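> Sequence:
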Amino acid sequence: MNIQIFGTKKCNDTKKAERFFKERGIKYQFIDMKEKGMSKGEFNSVAQANGGLENMVNWDGKDKDLLALIKYITDEDKLEKVLENPQVIKTPVVRNGKQSTLGYQPDIWKGWN
1 MNIQIFGTKK
11 CNDTKKAERF
21 FKERGIKYQF
31 IDMKEKGMSK
41 GEFNSVAQAN
51 GGLENMVNWD
61 GKDKDLLALI
71 KYITDEDKLE
81 KVLENPQVIK
91 TPVVRNGKQS
101 TLGYQPDIWK
111 GWN
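This note's numbering puts the last residue of the sequence shown at 113; the count rises by one with no breaks.
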């Protein structure tokens, strides 16, 4: 397995995801989205596996103005705006090769090998 966890140090679900893999002795790479966001390729791969860009955005986030802007700008501009503002992406984003999940999904991770 080649696990990557994209998240933030303050996110409780990200901490729970790290604990899930630690407890099982599974090595993972943590990427802090405050320091280094996702590349366009990574984002597109995860978005494709999780039902598209709309599902990647945490619409309940704190920055309502930014979320409203993302909601109403053209689809071409949405991707750029989300990549510029990784705080609007649901966390944790957990990747295992082509497979990926959004949020805390231990039942899905148990099936990965």
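By construction, these hints were calculated from the structure, which means they are not laboratory data.
A quick note: this is a predicted structure, and the numbers were derived from the prediction, not measured.
Warning: the hint list may mix true and false statements.
With a cut-off of at most 30 Å between alpha-carbon atoms, the simulated DSSO-like pairs for lysine-lysine come out as follows [said to hold, decoys possible]:
no. : residue 1 : residue 2
1   : K40       : K27
2   : K27       : K78
3   : K64       : K22
4   : K81       : K110
5   : K98       : K27
6   : K78       : K22
7   : K81       : K10
8   : K27       : K71
9   : K22       : K81
10  : K10       : K71
11  : K16       : K40
12  : K78       : K62
13  : K34       : K10
14  : K62       : K40
> Take the hints in turn and mark each one as holding or not.
Okay, the hints, checked on the actual structure:
1. K40 to K27: Measuring from Cα to Cα gives roughly 25 Å; hence the hint holds.
2. K27 to K78: Since the Cα atoms of K27 and K78 sit roughly 33 Å apart, the hinted pair is violated (cutoff 30 Å).
3. K64 to K22: Violated - the C-alpha atoms of K22 and K64 are around 34 Å apart, more than 30 Å.
4. K81 to K110: Violated: K81 and K110 sit about 33 Å apart, past 30 Å.
5. K98 to K27: OK: K98 and K27 at ~17 Å, within 30 Å.
6. K78 to K22: Violated: K78 and K22 sit about 35 Å apart, past 30 Å.
7. K81 to K10: This hinted pair holds, its Cα atoms lying about 22 Å apart.
8. K27 to K71: Roughly 36 Å between the alpha carbons, so the hint for K27 and K71 is violated.
9. K22 to K81: At roughly 33 Å apart (the allowed maximum being 30 Å), K81 and K22 break the hint.
10. K10 to K71: The given pair, whose Cα atoms are some 25 Å apart, holds under the 30 Å limit.
11. K16 to K40: holds (26 Å)
12. K78 to K62: holds (18 Å)
13. K34 to K10: OK: K34 and K10 at ~10 Å, within 30 Å.
14. K62 to K40: Status holds; Cα separation ~23 Å.
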